[in-house]
Amino acid sequence: MTTKKWSRIVLSSTVVLLVLIAAFQIITDPFIHFHKEFSFFQYPLKDERFQNDGLQRHREYNILVTGTSMSQNFNTSKFESLWGRKTIKTCYSGGSFYELSASMQNAINHNPDLEIIICSFDPNGISDSPEAYSYEGIPEYLYDNNPFNDVNYLFNKDAITKGIAVLNYTRSGQMTPSMDLYGRFDNYLPTGFDAVKRSYVRAEKQDLSQPFTEEAKHTIQVNVSQNFVELAERNPQVTFIFYLPPYSYCYWDGLIRTNQLDYATKAIEYASSVLTQADNIELYSFLSWEDVITNLDYYSDTIHYNGVICDRMTESFFEKEFLINSDNAGSYFENLNTFFQGIDYSTLD
Amino acid sequence: MLFNSYIFLLAFFPLSLLIYFSLNRAGRYKSALWVLVAMSLCFYAYFHFWYLFILVGSIVINWFISRILVNTKSRFVLCCGIVLNVAVIFVFKYFDFFIENINILFKSSLPLLNILMPLGISFFTFQQLSYIVDSYRGETADHSFTEYALFVSFFPQLIAGPIVSHKDMIHQFRDPGLKKFNGDNFAKGLYHFSIGLAKKVLLADSLAGGVNWGYANIEKLGSFNVLLVVFFYSFQLYFDFSGYCDMAYGISECFNLKIPANFLSPYKASSIGDFWKRWHTTLTRFLTNYIYIPLGGSRRGKTRTLINIMLVFLISGLWHGANWTFVIWGAMHGLAMVLYRISNNLWDRIAKPIRIFFTYLFVSFAWIPFRAESLGKAIKVFSSTFSKPDFSLNKDFLSKYNFLEFTYPEEHISFLKNIVVSCPSVHMWIILALSVFIVFFTKNIHEKEFRPKAANALTTIILLVWSILSLSGMSTFLYFNF
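Protein chains in written order, with my numbering: chain A, 203 to 551; chain B, 552 to 1033.
Just so you know, these hints were derived from the structure itself, not from any lab.
Keep in mind that a hint or two might mislead.
Stated by the list, open to error - Pair by pair, the computed Cβ-Cβ distance ranges are:
(1) B:630 to A:217: 52 to 58 Å
(2) A:541 to B:660: 45 to 51 Å
(3) B:598 to A:204: 36 to 42 Å
(4) B:630 to A:204: 50 to 56 Å
(5) A:373 to B:955: 43 to 49 Å
(6) B:927 to A:464: 34 to 40 Å
(7) B:696 to A:217: 19 to 25 Å
(8) A:510 to B:975: 49 to 55 Å
To be verified - Over 12 Å on every C-beta distance to chain A, these chain B residues come out as not near it, computed from the model:
(9) 689
(10) 861
(11) 1007
Said to hold, decoys possible - 27 Å max Cα-Cα, derived DSSO-like pairs, lysine-lysine:
(12) B:968 to A:248
(13) B:968 to A:206
(14) B:809 to A:207
(15) A:207 to B:968
(16) B:999 to A:207
(17) B:731 to A:399
(18) A:359 to B:968
(19) B:731 to A:207
(20) B:718 to A:206
Yeah, the Cβ is synthetic: ideal placement off N, Cα and C, and Gly gets one too.
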């Protein structure tokens, strides 16, 4: 073989193979990035950080349910029946405020019909850095509008297996999961006292407490206002419903034993006061929902609750129950610390 | 820009070749060289735009110094040139390290610069240092600025070597016979490049997962796991550097240019001296010509020779990084070299396979301080290797070797799945066996002649496509069980 022929074969074969692979990815499009879902394909929705942007881009909806794993068990069908609006759910497990904010802005950019966004306001994320993802390797190339960095998706062996999965999923007769099921975990994770106790070990009591300093206040202020308040102010046509999720009493027990409760309640109170500065933001607090947070039958670990609770929260949003407003905010947060101190934690011994 | 990136593979490299040979074809040889300089600067600027000014400034200033030296042979100007280059590298690479040590020693709190080190500064500074020394010796009189700028900035060797000499390159820039696209060289270059790319992307980067996890979690690991981490790092570094060198060599060949071989199957070395004739050979050449020989080399008695050797290896250690870990690594190699010298060929009387084995063992253990981020960490790794006798394999460590290439077929073929169920460490052993086989039993690209055949065409296609598809992946975002 001559080197000329060798080079021609190698170059042409490589180019042809890459073109075929790119075409395969564009057609199967497992991350719903290039086009709407084809009716002749069924898509296994299992990779939220890779598929959320595509769903936000190409589905029709008026309500977006988003947030961390706190929002994963919401039934979008419940929102649709109460509000009469099409709803999708795109959650980011362990997502930072920065990541959630960027995703919400993207959804607004993609969809002019978006009216309401429901998002968790995790006490765990309040003090995070204002411009940080919680994970490395976030597929930003899917979220932006730069067509060139889509090579990361087109020529990506992991993503190709997802394209093959679309074909296999379709061939096996399975259907694209509903939004109720997308990202959901309460259908496979057990709940109850034993399940929670498996992941919760009571900490040794500590005397040293964490002071709520001006520096901590500043971080919270920037984190909340930059990511959520400014987002809401930029988009006055959208109503933002944030909620403080009902972490179980195990979580609060942990904070009390490690002497962090005082810091946490002050941080939550301050963050809430910053968040409610925008007119189109509503804040609901389920933190002190006593009959729920003390009943571990709803929980799979110290903070994650099941869909029953999500449905009840949905009803509360609709009926504006648990709403924190200027009238009740002062007394609510003032009593929060005492409320958690007053819970009977002896059953956790 | 990295060789193992989409932008380089799909745009920069083909475009550079196309423009370079199109200009040469039109007889615009000078423009072609300028385009290559410009492309090299773009390649560099892609990392960090502002550091382009440091590279360009360094090229221009050193060019003027070299011209003065050619005309005046002034020892003073030579000293100024050397001091200036050393000062630049000191500020960017060693200043913070120096201040940190001053602060520790005198319990002071002098501020650090905290500046990002320009990529490849050690390489282009050393190259230019050698150039001004050779200008003082009158060896560079007829070079043009374009030739000089390209000799320093030529992108295949700019950020990670080899450290080329003007004697290697400038006559090639002038050779009219090398201006025309050459199918033989292109084929050879593409073949060598694909091998290098695969070493880097498919092997080195794959091995890195377990090594990084191991070094971050060393306290969780028993001795056997730590030993595996140490060996895996030796292979990671081998494939990383060997892959880079092969890619640089292959790219240059596509341009009809030959850069010196930098990597000659170093783990097949039968002594530490032999190792340094095979590992980063152009650095050894530089250190020999510009430090060891000017210090007196072996001409000033045995003791002075041994001191010179130690000095050269300490400098080599510092050259690799501004941290005591690198100094210790250099000292370990220097000491081994000194012991080898004073053993009076005792070492060479041992059977060759045993010498190779122990040389590899020494080199692998010496990589511990090279890889560790601090001396404390290096000591912890050393001590964990011997102090925690435990042969069980850590599950998290093993999971770092569950590559898609293994897991995907296993999900679909029950026979393969059964193998993994009965031997969960099988992936790790396959990777280890493959690494040992390639490192010890296959030939380096410089050791075998390329002949265009269907088999190596197929190999090239597979390696190129497989590597390109492996440049990006899907991270898993584990948050509890969700």
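Hints violated by the structure (listed by number, smallest first)
5, 7, 8, 11, 13, 15, 17, 20
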